[in-house]
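Protein chains: 2
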Amino acid sequence: MNSSYVVGIDVGGQTTKLGVVDARGTVLAQTVIRTDTHSDVELYIADLAEAINKVIKDADAEGKIRGIGVGAPNGNYYTGTIENAPNLPWGRTTVEFAKLLSAAMNGIPVALTNDANAAAVGEMTYGAARGMKNFIMITLGTGVGSGIVINGEVVYGHDGFAGELGHTAAVRNNGRACNCGKNGCLEAYASATGVARTAREWLELTDEPSVLRSLDTIASKDVYEAAKEGDKLALKIFEFTGKILGRSFADFIAFSAPEAIVLFGGLARAKEFLTEPILEAMNANVLPLWKNKVELVYSQLKESDAAILGASALGWEL
Amino acid sequence: MNSSYVVGIDVGGQTTKLGVVDARGTVLAQTVIRTDTHSDVELYIADLAEAINKVIKDADAEGKIRGIGVGAPNGNYYTGTIENAPNLPWGRTTVEFAKLLSAAMNGIPVALTNDANAAAVGEMTYGAARGMKNFIMITLGTGVGSGIVINGEVVYGHDGFAGELGHTAAVRNNGRACNCGKNGCLEAYASATGVARTAREWLELTDEPSVLRSLDTIASKDVYEAAKEGDKLALKIFEFTGKILGRSFADFIAFSAPEAIVLFGGLARAKEFLTEPILEAMNANVLPLWKNKVELVYSQLKESDAAILGASALGWEL
Numbered sequence: 044m045n046s047s048y049v050v051g052i053d054v055g056g057q058t059t060k061l062g063v064v065d066a067r068g069t070v071l072a073q074t075v076i077r078t079d080t081h082s083d084v085e086l087y088i089a090d091l092a093e094a095i096n097k098v099i100k101d102a103d104a105e106g107k108i109r110g111i112g113v114g115a116p117n118g119n120y121y122t123g124t125i126e127n128a129p130n131l132p133w134g135r136t137t138v139e140f141a142k143l144l145s146a147a148m149n150g151i152p153v154a155l156t157n158d159a160n161a162a163a164v165g166e167m168t169y170g171a172a173r174g175m176k177n178f179i180m181i182t183l184g185t186g187v188g189s190g191i192v193i194n195g196e197v198v199y200g201h202d203g204f205a206g207e208l209g210h211t212a213a214v215r216n217n218g219r220a221c222n223c224g225k226n227g228c229l230e231a232y233a234s235a236t237g238v239a240r241t242a243r244e245w246l247e248l249t250d251e252p253s254v255l256r257s258l259d260t261i262a263s264k265d266v267y268e269a270a271k272e273g274d275k276l277a278l279k280i281f282e283f284t285g286k287i288l289g290r291s292f293a294d295f296i297a298f299s300a301p302e303a304i305v306l307f308g309g310l311a312r313a314k315e316f317l318t319e320p321i322l323e324a325m326n327a328n329v330l331p332l333w334k335n336k337v338e339l340v341y342s343q344l345k346e347s348d349a350a351i352l353g354a355s356a357l358g359w360e361l
Numbered sequence: 044m045n046s047s048y049v050v051g052i053d054v055g056g057q058t059t060k061l062g063v064v065d066a067r068g069t070v071l072a073q074t075v076i077r078t079d080t081h082s083d084v085e086l087y088i089a090d091l092a093e094a095i096n097k098v099i100k101d102a103d104a105e106g107k108i109r110g111i112g113v114g115a116p117n118g119n120y121y122t123g124t125i126e127n128a129p130n131l132p133w134g135r136t137t138v139e140f141a142k143l144l145s146a147a148m149n150g151i152p153v154a155l156t157n158d159a160n161a162a163a164v165g166e167m168t169y170g171a172a173r174g175m176k177n178f179i180m181i182t183l184g185t186g187v188g189s190g191i192v193i194n195g196e197v198v199y200g201h202d203g204f205a206g207e208l209g210h211t212a213a214v215r216n217n218g219r220a221c222n223c224g225k226n227g228c229l230e231a232y233a234s235a236t237g238v239a240r241t242a243r244e245w246l247e248l249t250d251e252p253s254v255l256r257s258l259d260t261i262a263s264k265d266v267y268e269a270a271k272e273g274d275k276l277a278l279k280i281f282e283f284t285g286k287i288l289g290r291s292f293a294d295f296i297a298f299s300a301p302e303a304i305v306l307f308g309g310l311a312r313a314k315e316f317l318t319e320p321i322l323e324a325m326n327a328n329v330l331p332l333w334k335n336k337v338e339l340v341y342s343q344l345k346e347s348d349a350a351i352l353g354a355s356a357l358g359w360e361l
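Protein chains in written order, with our numbering: chain L, 44 to 361; chain V, 44 to 361.
Heads up, some of the hints might be wrong.
Note that the list lumps identical chains together, so a pair holds whenever it fits in one copy or between two copies.
No more than 30 Å apart at the CA atoms, straight line, and that leaves these computed lysine-lysine pairs for DSS-like [said to hold, decoys possible]:
#, residue 1, residue 2
1, Lys142, Lys336
2, Lys334, Lys142
3, Lys176, Lys100
4, Lys336, Lys100
5, Lys100, Lys275
Hints were generated in silico from the structure; no laboratory data involved.
Modelling step: build the complete structure from the supplied sequences, incorporating the hints.
Laid out in structure tokens, this is it:
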């Protein structure tokens, strides 16, 4: 077969990463363009196509691209559209992204899904979920995303938007306000921003000493650094975060009985502090039949390549 | 085709219902045998086979049976076994049910799953979910069961036991003890027994007048009758039950983005009191993209036939 490469594109609010990937998951060439400077989506697509052609040339892959996979916030696999994405510069509209990009790339087929689903396909194709038919990918970044795989297939649901586990209820009463407009969502607690919120809340509510008190602003990275230094409050914050995650995972397990939960994203780097409380809460809240049966694994994709790899994996399905 | 009927068998703790069903979902002949008198599973299978042969004869369907479908508590679709079923008289063991029954029936193929999954297949084949590819069946009986359909297929998960939504957390703190050993499960609140528990709890905790106070024992049916007479406490109990269900349904929607939630079972008869609070809580707790988008529908299978029809529908897949 002469079409033996795929292109992966990860559309983020600030930047768009793209690269050419081979069947083994090696990124042969990659580049980055700005997303946030493009309020006109047509100009963005034109710039993106130019960048794609450049990486294809860099990878010596002209005429050998089997498909282009795109991971994008609010991406709809069924329609190839990006719908109402508040963090993208062209804003709350429906963009026929796959169609526009395919046209700009002389008809190379384009598949599109949201970033967490792309990560799940990437992990299944090249990473920690190779050989798994049933798993749940949880991305712990600025928000909490999810990609659910059942019987080897990503779950898209009736409308293409299945797998919004970051917006299930972690706390039902007096829960924190979430960006989505609801209260108590998992994302409001167990994302990078959630961890920072917990830190700010606990510093305010307790007198507990902590190196975090000396900081003007707190990000989840600061909490992680403090925990590594043995800061007790920071350690408790991760314990709390892990417990919240584990309780929710127990409910996800009751849904699809996965072989594993796969964690990915910036906050997953804190695995030395998260694994134990997650497993403890998860196993305390599942039915006996699943106790100590469901694995917790971490992404095996190289972090710098993961977003491109995840999106590129969709390209093989075209 | 000369094999144009299926047999449906619903294994319950007290009785086993079975019948011969045609492709339109008509039960041509049916009968009932006792389950609870059989502590020896081999004798039970022998009696069951005898009863099956009798209904096949009654339906004039000898030699025309395409398959046998069985719905049973703790039934595992992958292995055809019933595992650790506390309510069945042969108790906490693994029974190779499908294999034993097929052997007793001269090799007619047997498929087996749990009762809620069977109900989902039944509803998809003959009932309210005809034409739906993505829906969640919730059975509101003594317990709360579920059957999840994604892309036209029942979700069995890695081990065959997916879809235990009755044991997801409805209440995270100080939740009621559930039969499964956990606390706060949906089943402890939103089943027939849960409704009766709410009634007993509220009668104890409040002074509110209610016709329920005059009863020695309270079952969900009593609460239903009281609500129909306008009893305010009974009406509030259904409002509470509906709210608990609706909140949980919102989380289920975030998982698989279904077209509809389908309700079935004894408690679903109280739909005139449940529909409104369920929809209100569900739509208040879903992401904006699903608000007022997911239907709530009730089983369309004739109640006396539903268990047999649900199980029989599996027979067509053989």
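Hint check results:
1. Taking the shortest alpha-carbon separations for Lys142 and Lys336, only the inter-copy value of 26 Å comes in at or below 30 Å, while the best intra-copy value is 43 Å.
2. Taking CA atoms no more than 30 Å apart as the test, Lys334 paired with Lys142 passes between copies only; the shortest distance there is 28 Å, against 46 Å inside one copy.
3. In the homo-oligomer, the alpha carbons of Lys176 and Lys100 never lie at most 30 Å apart, since the shortest distance is 35 Å inside one protomer and 43 Å across protomers.
4. For a Cα distance limit of 30 Å, the shortest separation of Lys336 from Lys100 qualifies neither inside one copy, at 47 Å, nor across copies, at 46 Å.
5. Taking the shortest Cα distances, Lys100 and Lys275 never come within 30 Å of each other, neither inside one copy (52 Å) nor across copies (74 Å).
In summary, the numbered hints that this structure violates are 3, 4, 5.
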